[in-house]
Amino acid sequence: MPSSPRTKLRIVASVLLGPGFWDAVAGRFLLQPVPRDGGPPSPAGEASAWRDLRGALHIHSTYSDGAGDIPTVMAAAAEAGVDFVLLADHNTQRPLRDGWEAKYAAKPLLLIGTEVTVDKGAFLLALDMPPDWEPVKYEPPQVAVDAVNAEGGLPLVSLPFDVKHPWLDWNVRGYEGLEVINLSTIARRHVNAPSMLWLVPIYRTKGALAALRALVTRPDRELALWDRLTGGDGGQPMVGICALDAHALMKIGKKKYPIPSYADSFRAATTHVLLPPEEPASSDRRAIYDALRAGRCYMAYDCVGDPTGFDFRAAGGGSTATMGECLTPGGDEVHFSARVDGDGSRVLLRLFRDGRIVAAGDRGRLAFTTDVPGAYRVEAYLYARRVGPLVLGARPWVFSNPIYVRGEKMRAPGEENATQNGN
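For the sequence shown, the numbering used here assigns the number 12 to the initial residue and increments by one for each residue that follows.
The set of hints was computed from the structure by calculation and includes no laboratory data.
Cβ atoms here follow ideal geometry from the backbone N, Cα and C, with glycine treated the same way.
Hints may be right or wrong, so weigh each one.
To be verified - Derived PhoX-like pairs (lysine-lysine); straight-line CA-CA distance at most 25 Å:
hint, residue 1, residue 2
1, K148, K131
2, K175, K217
3, K175, K131
Unchecked claim - Ranges between beta-carbon positions, derived for each pair:
hint, residue 1, residue 2, range
4, K118, G342, 41 to 51 Å
5, M261, V154, 26 to 36 Å
6, E90, Y268, 16 to 26 Å
7, S330, W209, 42 to 52 Å
Make the full structure from the sequences, and use the hints.
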């Protein structure tokens, strides 16, 4: 579908003015007071028992507009060390009917969905669909979402605030999540006139993965939308994923370049799903879809560092919860804990409730106690140094899915009794 004049104007403004570039520069500096002790040594009390699988989501092959066929994609996945790939070619389930899932039933595992083009050029991911289902292009977004739900599929909004293909109809109901991170959207925001002055030298001297690392940024608009959808009295559980939208092609001007490669994209960012430890490997495909539906996953810029083992949990009212789960403590306090390893001396954790920061922890550890309901999620940053509350050289790293705390007997925001790290 040709771009509208309005879309072309947005693209030109983004390339020439580079608003995403300046946002990225500003995002390297954070003002975040944290407790002096940085948090307890092991707030979760024990290591997570979940199996942590890295997934490359939203990949295109030669079944639509990708540069490589499925064997090429899967060879790149093996090279990059991801556990599974979720193919989402445009408007077709043919790869599923052609039996490609059966050919890749072990690590890296292949899952096949599709990316449906809806009215006005927006896109909807249709996952976990039956093989004989075929999407209809250019339908109203609500019709497309309803069609996916009618087949028991998982509908997710793709590219919600993309410069070229934004999702426009936010009155739609029934979708179960959205792409909070989309590498194509990030590239369109940040590959522009100002950024090319430093991206080109990085690419020429250090390669495509280093250039992707330089593009790493916090998806502010997508996170704000997600917080509105999940938080407050009317909020609903909604999964957030990291989508690569990988084609192994990049169009700059009128030319197409074979960058970034599939392998570099797979190394740059992934969605980590948490699977029960007792599940046999033969059932992983079903378990992965179940984890995505449940929101039992987190998003990570793996090019910044390996976050495997990231843990975020809550306990209260005799129950415990992990990402995507709902806790109803019956008026009791809720104890949150988060941890991530890596270079623990320079890892900042921030806890958000309904989009507002309520706690922070240093050295990859955070603990917080509250009696206020809401949707709680964690962001992790690697940084160069701290000067008091000023965090320098901050790089976004991990974004958790929320833990939902519900309960009529709990305090309203602003009335809480909160304790962080015992201080």
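So, going through the hints one by one against the coordinates:
1. K148 / K131: Distance of about 11 Å is within 25 Å: holds.
2. K175 / K217: Not satisfied, since the Cα-Cα distance of roughly 29 Å exceeds 25 Å.
3. K175 / K131: Between K175 and K131 the Cα gap is close to 11 Å, so the pair holds against 25 Å.
4. K118 / G342: 41 to 51 Å: Between K118 and G342, where Cβ atoms are some 45 Å apart, the hint holds.
5. M261 / V154: 26 to 36 Å: Distance hint for M261, V154 holds at roughly 32 Å.
6. E90 / Y268: 16 to 26 Å: 20 Å, holds
7. S330 / W209: 42 to 52 Å: Given range 42 to 52 Å: holds, Cβ gap about 49 Å.
In terms of the numbered hints stated before, the structure departs from hint 2 and from no other.
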